[in-house]
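S.K.: The residues making up each chain are set out below.
2 protein chains.
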Amino acid sequence: MTPVTSGLWHKLIAFQVYGANTGVGKTVACTVLGKAFRTHYPDWQINYLKPVSTGPASDADDKYVKRYTGHRAECIFQFSDPVSPHIAAHIEPPSDQQVLGRVSEELFKHAKSIKPKGEYGITMVETAGGVLSPAPSGSLQADLYRPLRLPVILIGDHRLGGIAATISAFESLTVRGYDVEAVMIFESGNLGNTGYLMKFFKTHKLPIFELPALPPAGDVSKIQESMASYYKHVSQQRDISRLAQLLVNRHFIRLKDLERMASKANSVIWHPFTQHKDRTDSSILAFDSAYGDFFQTYSSQLPAGYDFISEESTPTQNNTSLLQPAFDGSASWWTQGLGHGNPELSLAAAYAAGRYGHVMFAGAIHQPALSIANKMLQGLENPRLQKVFFSDNGSTGIEVAIKMALKASSIRYGWEPGSKDIGILGLKGSYHGDTIGAMDCSEPSTYNEKVEWYHGRGYWFDFPQVKMRKGVWVVEPPPGMETEFGQPRSFKNLDEIFDFEARDSLKYESYIEGVLNWLIKSGGRKFGALVIEPVLLGAGGMLFVDPLFQRTLVNVVRKSNLFYSPSKQPFIPLDETGDASSMWTGLPVVFDEVFTGLYRLGRFSSASFLKVHPDISVHAKLLTGGLLPLCTTLASQSIFDAFLSDDKTDALLHGHSYTAHAIGCHVANVSLNKMEKLEMGKSWQNYQKSWQIPVSSSTVTWSMWSKETVTALSHNEQVDAVIALGSVLAISLHDESGSAGYTSDVANHLRDALLYESHGHKWIVHSRVLGNVLYLMASMTTDCETISAVENSLLAKLKDVGNSPKGS
Amino acid sequence: MTPVTSGLWHKLIAFQVYGANTGVGKTVACTVLGKAFRTHYPDWQINYLKPVSTGPASDADDKYVKRYTGHRAECIFQFSDPVSPHIAAHIEPPSDQQVLGRVSEELFKHAKSIKPKGEYGITMVETAGGVLSPAPSGSLQADLYRPLRLPVILIGDHRLGGIAATISAFESLTVRGYDVEAVMIFESGNLGNTGYLMKFFKTHKLPIFELPALPPAGDVSKIQESMASYYKHVSQQRDISRLAQLLVNRHFIRLKDLERMASKANSVIWHPFTQHKDRTDSSILAFDSAYGDFFQTYSSQLPAGYDFISEESTPTQNNTSLLQPAFDGSASWWTQGLGHGNPELSLAAAYAAGRYGHVMFAGAIHQPALSIANKMLQGLENPRLQKVFFSDNGSTGIEVAIKMALKASSIRYGWEPGSKDIGILGLKGSYHGDTIGAMDCSEPSTYNEKVEWYHGRGYWFDFPQVKMRKGVWVVEPPPGMETEFGQPRSFKNLDEIFDFEARDSLKYESYIEGVLNWLIKSGGRKFGALVIEPVLLGAGGMLFVDPLFQRTLVNVVRKSNLFYSPSKQPFIPLDETGDASSMWTGLPVVFDEVFTGLYRLGRFSSASFLKVHPDISVHAKLLTGGLLPLCTTLASQSIFDAFLSDDKTDALLHGHSYTAHAIGCHVANVSLNKMEKLEMGKSWQNYQKSWQIPVSSSTVTWSMWSKETVTALSHNEQVDAVIALGSVLAISLHDESGSAGYTSDVANHLRDALLYESHGHKWIVHSRVLGNVLYLMASMTTDCETISAVENSLLAKLKDVGNSPKGS
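Going line by line, the protein sequences match chains L and E.
Numbering of the first sequence is given in the working numbering, commencing with residue 36 and proceeding in unit increments.
Numbering of the second sequence is given in the working numbering, commencing with residue 36 and proceeding in unit increments.
Be a bit skeptical, because a hint or two may be false.
No distinction is drawn between identical chains; accordingly, a pair holds when it is met within one copy or between any pair of copies.
DMTMM-like cross-link-like pairs, simulated, lysine to aspartate or glutamate; straight-line CA separation at most 25 Å [stated by the list, open to error]:
| # | residue 1 | residue 2 |
| --- | --- | --- |
| 1 | K98 | E511 |
| 2 | K240 | E714 |
| 3 | K312 | D214 |
| 4 | K455 | E484 |
| 5 | K683 | D787 |
| 6 | K561 | E484 |
| 7 | K502 | D116 |
Keep in mind that the hints were calculated from the coordinates and are not lab data.
These numbers come from a predicted model, not from an experiment.
Put together the whole structure using the sequences plus the hints.
M.R.: Below is the structure:
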C-alpha cells in the first residue's frame, strides 16, 4: 500500500537534506548545520538521521556527525558496499514502505522524546547520493520520501557543471511537490557557481548559503583536529547562523499558515455547493498536500458536529503529528484515478506546458489533441462516433451535447431553427452539471427550482433499481410501481442482471411506449434527445439503474416514430439498420459518461455494460487521471453533418478559450495509457477474483470493494442496501424515522466518525454523503491492502455509530 | 526580441546533443555517432556544430571530431578559458539571439548545401556542459536553444551519482518541452547505471545505448591511434548502428506525423466556432509547438483562399524550413500573457501537480486557492468585493455571477424563488460565453438565435463608441442616434475621453433613465442585474464603448428606484452610501472582465478605467498567464449574504469537479506575480512613452501598439477606424459595397496575406478576424522589436491587399 505517514509536528522541526549530486558534501553540511543549531538553540534536541547508508559501517555518516557534534545520530539501513543502495542492497532490499515506515517511526520517536516544557527538537534526515538516486528497492529516492514531504535543504554542486546539476536537482524536487527552503553549497572559486545560483534562485525566493572549502587533507593524523576547527569556525559564521534561524522560522511560518488557512478561507472563499450559514473555521479542512490516495490534512481540525468519542481517538498533542493522512474517499469529487502527486502526470503536464503552453484551437491542431481524440474514438469501440469536440468540464460538455442533439432533431424533423419548446427525455434523479443548459436537462427538484433561470425541459422516467440487500442482488421497482415494472426480483449475482438475453424486457417496452404515447399524442410534447447516465446516476444518490431498463429505453426510442408528426415524414436514408449504422433514429441518444466512464466502473466505457451505442458521448473527470479540467464530447457523423451548411451561423457556435488545451490533452493521453495498462495488467485481478463466478466464463461485473465486505455491509441492520461496481461503493442507510432529515444525520454521523483516527490506523477516511447515502470511491491505483483497511474502518465505524445513543 | 527560428527540414536531420553533466563524453559520443552515420549513409553530408566552446582553440571539440571523422565540423563562439561560457565570455558575451541566430544560420546553410538528388544531411549540435549550464549571456543553455527544439540525444552520466544526474537532466529537458530521442551512456561497470536507466526509461519509451569505456590513457604518443581504433570498433557495433538508423527514422516519423496531422484532424476533430462545410485539410494549421510569442506551424500549409502572391513569397522547398514561426496575433484566443513554453509556468504547473494533484474543494482549502483568492481581492482594489468563487472558464464564471445576482435581487425585491421572468440589462454586442445561461445574457442575433435552448433574457442598450479616425480620437453615436447621444465629438487624446469630471453625462443619464422608464413602467419588464464588459466588447467586434456611457449606466442603475414595485419597498440598510459601501443598490452590477481584465488593457482591472466598483466581477483567460482554464467570480458581502439560510437548498448550488484545481491556482499566482512585476518594472515604459502626453500628469491610457502605427493605420484608405488600448489593436476595414459578406472578405484577405512570409521576415503573423475587424493582441512580454516588426508587416500587407484586384 502507499506508505502513509506525515512529516509535521509542532515541536519537532524536521527537514531533509538532498544533494544535487553525490559527493557534494551533504554530511559536512549537516554537521555544520547541527553545530549552528546547537549554538542558537542550546537546550533543544538535535538529531541526525541517515535512513540508508552504503559503505563500511565504521566510516558511516552517523558516526561522523556524532563525532563532531555530539548529537544523537543514527543510521537505519547500512549496506557495506560503497555503491548505490539499489545495488548494495541487492539481497532482500527493504521495501519503500519499510524504509519510510522506519524513518517515520524515528521521527515520531524524536517528537515524543521532546519534553513538554519549552523544549523543541530538530531532525536532519540525510539522503544518499543525488536527488533521484535509487533507493534500496530501486525507486527514486525523492519518490520514496515524498509522502513525508519534509522541507528540503538542497546541497548544491560546487564543481564544474555544478550550476546545471544544482538547478536540475531543484527542478526534480519541484516537479514532485517538495518545498526547497535553502541551498547550501561549497565555495567554487573561479567557477562562480554560488554567485550564479544566488541570482538564479532569487526568482524562486530561494536563499543560498556558501560554505568555505574544506581544509586541505594534509597530515592524516591531524585531519580530525583541522575538521573540528573548521566546524567550529564555519558553524558560527553569520550567514550560517542566519540559515539555522531561517530554517526554524520557516517551520513556524508553515505552522502558522496551516493553522490560519481555514479561518482565512472562511473569510474569503465562497465554497461550491455549500450553505455557508453553518460554515465555521473548523468546518473547513486545510490540505497541506496530497499523495497517492491520501490527503495530508491539518489535524487540529476535526468536524464540529462529531459526538462519538471512541476510546482510541487521541487529542492532538504538541508532539503528535500535525498532519493527518486522510483517505480520499470521494476520489476528489470523482476525478481521481492515478493518485495525487503522481510524478509521471506532473512531468507530463510540464512537458506540454513547455512545448506549447496553450495554443489556440480554432482551425488548428496539435499532437496531444489529435492523439486524445483518436484514443477516445478507439477506446469507446462505438462505430457510430466519428468526431470529437473539446470543452472544459462535464457541464460544458453536456451543453455541447445538447446543442448537437437538438440541432440534429430540429433539422431532421423540420422544426423551426431555434425552436424553444423542445425537451429531452431522461431519468428521474439525473444530474448533468451546473450551467443552465445542463441544469435544464434534469427534472425540477428542491436543488434547482430556486435557481432563477433554471427551467427543466423534458420528461424524466421512473425506473427500477439494482441493490444488494442482505447479501442478495435485487431489482426493485419504485414504491407503488409494481404494476408497471413487476415485483422485486432476486438474482444470483450481478452478472445475471446484465445478461440481457436471458431477461425479458417486454414489460419495460410497453411501459416506455405507453408513457411516450401519452406525452406526445395526448400531451403534444416535443422531444429532441434522450440523455442518460449509463448504469449509475451519481449526484442523484448513486442510483444503480436496472441496465435492462436503460437498454430498453434506448431501443424503444430508436424504434419509435412518435417524435415527428405523421404529416412531416422525415427523410431517413435506407441503409438505416440500427446499432451498426452511424445514422440515428427516433432521437439522438446522448450518454453522459462524465462520472461513470473511463474506468470508474472498471471499464473504458460504461455504455459497454448496456451493449448499446449512443450517438453522442460525454467524457470528463477521470479523463486527465484526476489532474485538471478537460472534457470531450464525441458525436456520430450524422450529428456532425447536421451542422454543415453554406451559412456560418449554422455551425456549432461553441468554444471556450482553452479548448483542447495542450496540457489537459497530453495529461489525458498519459493517464489513459496508464489506466489501459492497469486494465491489461494484473493489478486489478486481485479485486476481480473476489467477484468471479466460477461457472460463468463471461463475468462482466466486479468491484475494487470486496464481495465479503459488500455482503457484510448489506447485512448490517443500519444499512438499507448497498451497491458496488468498479471503484464505487455506496451504502444507503435506513431511514428509520421516515424523515429525510434524520436519515441524512445518520449518514453524516458515519462520515464524521470516519474522520476520527482509531482502530490502530494512523490515518482517517474522508468521505462524502448524498442524502442518506455514504459512498466511497477508490482510484485506479488503490491497492488491496488500502481498500481492505478502509473497509475495516468502515465496518468498525458503522458499529460505533450503531452503538451510540441515537440523536445525541 | 524572442529569437525566432525553427529547426526542421525535410532533408536535414538536425539534433542536439546535451550532457547529463559536464565530462560525460558528449564529444566522444558525437564522434562515434558521426562515424556510424557515415557507415550507414555514405553519401550524406554529416556535420558537427559546437555553438559555444571554452578552453584552448587547439583543443576544441570541432577539431577533435574532424580529426576522427573527417566531417565538416565547426565551432561558432570560442572562448579560451576552460570554464563555464558565462564566465569565459565575460567581456561582451554574445546575446542569446546572436548565438541562436548563428546556429540557425549554420543549420540553414547545411540544409541549403544538400544537393537536390537523393542526398540528405545530418547535423549534430553539441552543447556545452550540462543541460542547464549557463550560456555566454547567463541564460540557461536549454532555454536559449528552446526555440529550435531540436530532437535531443542525452548523454547520460556513467559515474557514481550518474543515475540521478541523468534522470534529472531528462526532467529538465522535458519541462522545457524537448523531445529526448535517445540516451547514450558510457559503460559504468559495477555501478549498473545503464541497466537501471534502461529499465527506468522504458516507461518513457526512451531507448538507451551503452558505449564501451575509453581505452586506458597509456602512452601519450599512441592515444590518437588507440582512439581511432576505438571509434572504428564502436561505431560499427550493432546497437550503435541501430541508434544511427533510429535517429534518422525518428526524423521521418516526425515529418510524416506533421504532414498528416491536418488531414487526420479534418477527419476526427470537431473544431470550435467553425462551419465545417468549407474545412479542408489545408485550412487547418498544424502546430508543432510554440515558444514566446510564436507558434511553430507546419509550413507546407498555406491558407486555401489566399490569392495575393507577392514577389517575396517563396514556395516550400526541400531544403527550406518545414516549420514557420507565426506570431500568435490572437494571443491564442486572448489568453496568452507570458509567452508560450514559459519554463517558469511549466515548473509551477508541475509543482502543484506534484504537491497536490487535484484536491476536492468542497469544505476544503489549500494554499494556492487561498493565495489566488487574496491576490484577486487585493489586486482589484474594489472595497465591495469580499468573496471568491472558482469555476473553469469565463462562461461558467458568468453563469455563477448571474445566479448570484438574480438571487440577490429576488430576495431584496421579494420575488418568488426561482422566478423565470427576470432579465438582465446589458449592452448591444455583448458576449459572455457559450453555455446557455451565459448566452442568455446577450441579445438575440444571427449567432445565437439558431440555438434551440437560447432565449435572450434582458434588454441591451445602444451606446456611443470610441474610435480613432484619420489620427483623431472620436466618440460617435450609433447611426441615427445623434438626438439621443449627441453629435460625434473629437478629443485631443484618449485621456480626455477618460476625464469624466471634465465631461458632461447629462444626455446619457436622461437617455438611460428614459429607456428604463419605458421598459419597466410601460413594458412591465423585470430586471435582476446589470451585466457589462468594461471598456471593450471583445467578441462583439472589439467595440470600444464610450467609458462615460458605461459609468453613467452603472450610476443611473444604482440610483434608480424603478426595479421594485412601489408597493414592495425593499429593506435597504441605512448606511447605504454608494460606491464606498459594500451594499448594492438598484441592481447588482456584474463586470465581465474575462477578456479585458488582468493586464489585457494594461491594468490589473478594467473596471478601474471606469472608476466604478462592480458588486460581482468575473476573471479568466489571462488569469493563468495563458496556460490552462481557471476562472474566479468575486462578489460583495451583500451578494454572499443573500444565500445564507437555514435551508441548504438556498445555497449557491454550483461547483465543477475541478473547482479551484491546485495547478490552475498555483500557475495563476505565479503568473499574476510576474505580470505585477512587469507593471512595476520598466519593460512597459517603452510602449507607454509613445502614448504619453507631456502636459498631462495623469496619463491613463497607453498601448503596446505604437501611436505612430495606430495613427498611420487610421489614415489608410481601406481602414474605417482603429482602436488601441493595452495589448489590443483592432482595425475596422471599410465596408465599401455596404454588404457584410464583401466586407468580411476584405478582413479575411488581410488575415490571409499576413500568413505569408515576406518583406524580409523569417516569420508570419497569425491573426483572427471578427466580421470586418482584424485585431492583433500581444502578450505582456512581447518586446518592442517584435511589436514593431508586426506593425511593419501589417502596414505592408494592408498596402498589398489594397493594391490587389478587388474581389479576385
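S.K.: Against each hint, give a clear statement of whether it holds in the structure.
M.R.: How the hints compare with the structure:
1. K98 / E511: Neither: 70 Å inside a copy, 84 Å across copies.
2. K240 / E714: So K240 and E714 pass the 25 Å test across copies only (19 Å; inside, 43 Å).
3. K312 / D214: Classified as neither: same-chain Cα gap 36 Å, cross-chain 52 Å, threshold 25 Å.
4. K455 / E484: both (19 Å within a copy, 10 Å between copies)
5. K683 / D787: between (55 Å within a copy, 18 Å between copies)
6. K561 / E484: Close inside one copy (22 Å) and across copies (19 Å); limit 25 Å.
7. K502 / D116: neither (59 Å within a copy, 78 Å between copies)
Checked against the numbered hints given earlier, this structure breaks hints 1, 3 and 7; the rest are met.
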